[in-house]
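Chemist: Chains as they are written, first to last, in the numbering used here: chain A, 1 to 344; chain B, 1001 to 1344.
By construction, these hints were calculated from the structure, which means they are not laboratory data. Hints should not be assumed to be uniformly reliable.
[Said to hold, decoys possible] The calculated label-pair distances, taken between Cβ atoms and stated as ranges, are:
| no. | chain 1 | residue 1 | chain 2 | residue 2 | range |
| --- | --- | --- | --- | --- | --- |
| 1 | B | 1121 | A | 197 | 40 to 48 Å |
| 2 | A | 186 | B | 1068 | 36 to 44 Å |
| 3 | A | 192 | B | 1252 | 55 to 63 Å |
| 4 | B | 1261 | A | 103 | 53 to 61 Å |
| 5 | B | 1319 | A | 17 | 14 to 22 Å |
| 6 | B | 1328 | A | 122 | 31 to 39 Å |
| 7 | B | 1059 | A | 122 | 55 to 63 Å |
| 8 | B | 1321 | A | 190 | 55 to 63 Å |
| 9 | A | 122 | B | 1319 | 38 to 46 Å |
| 10 | B | 1153 | A | 326 | 13 to 21 Å |
| 11 | A | 190 | B | 1183 | 57 to 65 Å |
| 12 | A | 17 | B | 1153 | 24 to 32 Å |
| 13 | A | 273 | B | 1191 | 55 to 63 Å |
[What the hints assert, rightly or not] Calculated cross-link-like contacts (lysine-lysine; reagent style BS3-like; alpha-carbon spacing at most 30 Å):
| no. | chain 1 | residue 1 | chain 2 | residue 2 |
| --- | --- | --- | --- | --- |
| 14 | B | 1225 | B | 1186 |
| 15 | B | 1245 | A | 21 |
| 16 | A | 21 | B | 1070 |
| 17 | A | 225 | A | 154 |
| 18 | B | 1024 | A | 12 |
| 19 | A | 154 | B | 1225 |
| 20 | B | 1225 | B | 1154 |
| 21 | B | 1193 | B | 1161 |
| 22 | A | 24 | B | 1161 |
| 23 | B | 1154 | B | 1026 |
| 24 | A | 161 | B | 1245 |
By construction, the Cβ of each residue, glycine as well, lies at the ideal position given by its N, Cα and C atoms.
There are 2 protein chains.
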Amino acid sequence: MVERTELSKLGKVAILKHLTKGVKCKHETSGLGFAEDAATINTQPELNTLVSQKLFLEGIHFDLVYTPLKHLGYKLVVAAVSDIYAMNGEPRQLLLNVGVSSRFSLEDLEDLYDGVYTAADFYHLDLIKTDVTSSLTGLSLSMTAMGTSLEGTKTLRSGAKPTDLICVTGDLGSAYMGLQLLEREKRVFAGVKGDFTPALEGREYIIERQLRPRVPVSVLSALQKQGVVPSSMISISDGLASELKYLAEASGVGVRVYEDRLPIDYETAAMAEEFGLNVTTVALNGGDDYELLFTIPLGQMDQVKDIEGLRIIGHITEPSLGACLVARDGTELELVAQGWTASK
Amino acid sequence: MVERTELSKLGKVAILKHLTKGVKCKHETSGLGFAEDAATINTQPELNTLVSQKLFLEGIHFDLVYTPLKHLGYKLVVAAVSDIYAMNGEPRQLLLNVGVSSRFSLEDLEDLYDGVYTAADFYHLDLIKTDVTSSLTGLSLSMTAMGTSLEGTKTLRSGAKPTDLICVTGDLGSAYMGLQLLEREKRVFAGVKGDFTPALEGREYIIERQLRPRVPVSVLSALQKQGVVPSSMISISDGLASELKYLAEASGVGVRVYEDRLPIDYETAAMAEEFGLNVTTVALNGGDDYELLFTIPLGQMDQVKDIEGLRIIGHITEPSLGACLVARDGTELELVAQGWTASK
């Protein structure tokens, strides 16, 4: 039988001590604040501090029917640090706040923190402050990520210039198709009596993309090695189309991307066909990929074209040309970003 | 009729632009990140960065039946910066994440942000990054506060030494009694047909303490003026007894406080009597006061004894003496902190 320790049997202090036992700092600048009102980050001249924040709410950002808590903790870290990497910074510290109802046990929290610590080790981060509070309904997770950038190497959304090349890392739409698949199997499961094995075989990649995304750090390292600093950059969390529009607006430019250049994995394409979805729409609007979208000056094409996991998908234009997708048949379509709905 | 703009009619970008329109930085070090993946804090040598985080969930931390959204925004800021002040630091930047369901309109968000901006002006803070996301049920608020402390002037929970004087600011238990009153009127209201006027007259102080707490900055300024740096400090958010125990444990000392020294407002005492509650229990365990608990060396008593809003309530002892309350009749009682329950 799985052990279950009721949170109500422990004081908050005991819960937090248990979850942060043996944590050691990886960065000299990290001042653990587990036992203090605030955490500290020590002075480091020449560096700017970058800070980002993510709020993950049950039923909106994750479904615990198919999301193991460990994966959820891992993904939350990736989502938060992705924004620091997108500024060309190096993430270093994390703060985590968990709102939890009596539905969850100490062992559940252990799984969640296990995922957080695993990701923190992978990305070389210190969790410097954490808190657990009560929640009436679901699980609420808030993560703050802090990082540094050298003065002058920070990359903003506003730096793209006409003729710059538009690049993306990895492939697009796979996390979204993984989500569709998991949602379908959940619906099937709900109607099944007795044993149920979800039909996920041969779809491991898109499921991993949904449940355990990664930040494309190898591409960032390769760029650095080549001495290339992106002129603008943004994390792809809401879908490529949205992010292209953010970037175009922030930089006051137009964008032109080519449908046949969009990086799409085989599993994504196969799954989209099975669901009767247009794969280009999936690649443009599927969220949760946590890949990076960035621009580089045209003159640096040779330095980037052989970098693995990097694809040039178009270029920056004059603002009057708008945000445009060139379809496979040469037709030019205006890029439309999906709207935000409060109920989604 | 009150205007109501559905959030679903606006894109997320439009919502955020609307809510951050015209915001200007108060600190040179603040780099607004409204339009970027992360916010920036510029280098400042000799200073440490302090960071704290608060998660406020509807139904747990606030009840919108009697909490105006503007007050909620204000209180969230106070809760977050209170932790920075408790490290003897100066808060400077805020990041806010809001999870909101379709129950809320743009005007509701305006009220919430209005409260945040009002508090930000009062405490001289910059909101440098904010995000709005969907929520399935209630309102979820996450705030990160950042601040600075001069190298060497940071106050930890662990610095208290035997014979140090234990001080608190303001008065205790008033926010808790305000909450009890508001809860009672809510229950009465639920059973009333037709017009209803809550019976709050003569109870304005305790209601204000619940709905619009303040950080005792004047006491901190007075201490600074007197050249007194507290040897340890903690924000009183969970109740004095809990905080005394945190402080005692972190410093490896005992505490001895006197019942007749606990600062209690007249309204708090009257209300406690009306509710049949022991006012000492209320002062020891009532949360949400956001006052400060701190210790100073015995030799500095003369410098602090005339500071308005500061009360010496006891002293630090050897660890073997434990955490003790000396009752009015001279009896010594062990201090017990209320436990944390996941459903509360």
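Chemist: Can the restraint linking residue 154 of chain A and residue 1225 of chain B be considered satisfied, given a maximum Cα separation of 30 Å?
Modeler: violated (40 Å)
Chemist: For the pair supplied as a hint, residue 1225 of chain B and residue 1186 of chain B, is the alpha-carbon distance within the 30 Å limit?
Modeler: violated (44 Å)
Chemist: Can the suggested window of 55 to 63 Å be confirmed for the beta-carbon pair residue 273 of chain A and residue 1191 of chain B?
Modeler: Holds - the Cβ-Cβ distance for residue 273 of chain A and residue 1191 of chain B, about 59 Å, lies within 55 to 63 Å.
Chemist: Is the hinted range of 55 to 63 Å satisfied by the C-beta distance from residue 1321 of chain B to residue 190 of chain A?
Modeler: holds (59 Å)
Chemist: Taking 30 Å as the top limit, are the C-alpha atoms of residue 1154 of chain B and residue 1026 of chain B close enough?
Modeler: holds (23 Å)
Chemist: Would you check the hint for residue 1225 of chain B and residue 1154 of chain B, treating anything up to 30 Å between C-alpha atoms as holding?
Modeler: Within the cut-off at roughly 16 Å; holds.
Chemist: Is 14 to 22 Å a correct range for the gap between the Cβ atoms of residue 1319 of chain B and residue 17 of chain A?
Modeler: holds (18 Å)
Chemist: Quick check on a hinted range of 13 to 21 Å for residue 1153 of chain B and residue 326 of chain A, using CB atoms only.
Modeler: Since the Cβ atoms of residue 1153 of chain B and residue 326 of chain A sit about 59 Å apart, the hinted range of 13 to 21 Å is violated.
Chemist: Does the Cβ pair residue 1328 of chain B, residue 122 of chain A satisfy 31 to 39 Å?
Modeler: The hint (31 to 39 Å, Cβ to Cβ) is violated, given that residue 1328 of chain B and residue 122 of chain A are roughly 58 Å apart.
Chemist: Has the given pair, residue 225 of chain A with residue 154 of chain A, been kept, meaning a C-alpha gap of at most 30 Å?
Modeler: Holds. Residue 225 of chain A to residue 154 of chain A sits at ~16 Å (cutoff 30 Å).
Chemist: Are the Cα atoms of residue 1245 of chain B and residue 21 of chain A separated by 30 Å or less?
Modeler: The hint holds at about 20 Å.
Chemist: Does the structure keep residue 161 of chain A and residue 1245 of chain B at a Cα separation of 30 Å or less?
Modeler: Given pair residue 161 of chain A, residue 1245 of chain B is violated - Cα atoms ~58 Å apart, limit 30 Å.
When held up to the earlier numbered hints, the structure conflicts with 1, 4, 6, 7, 10, 11, 14, 16, 18, 19, 21, 24 and fits the remainder.
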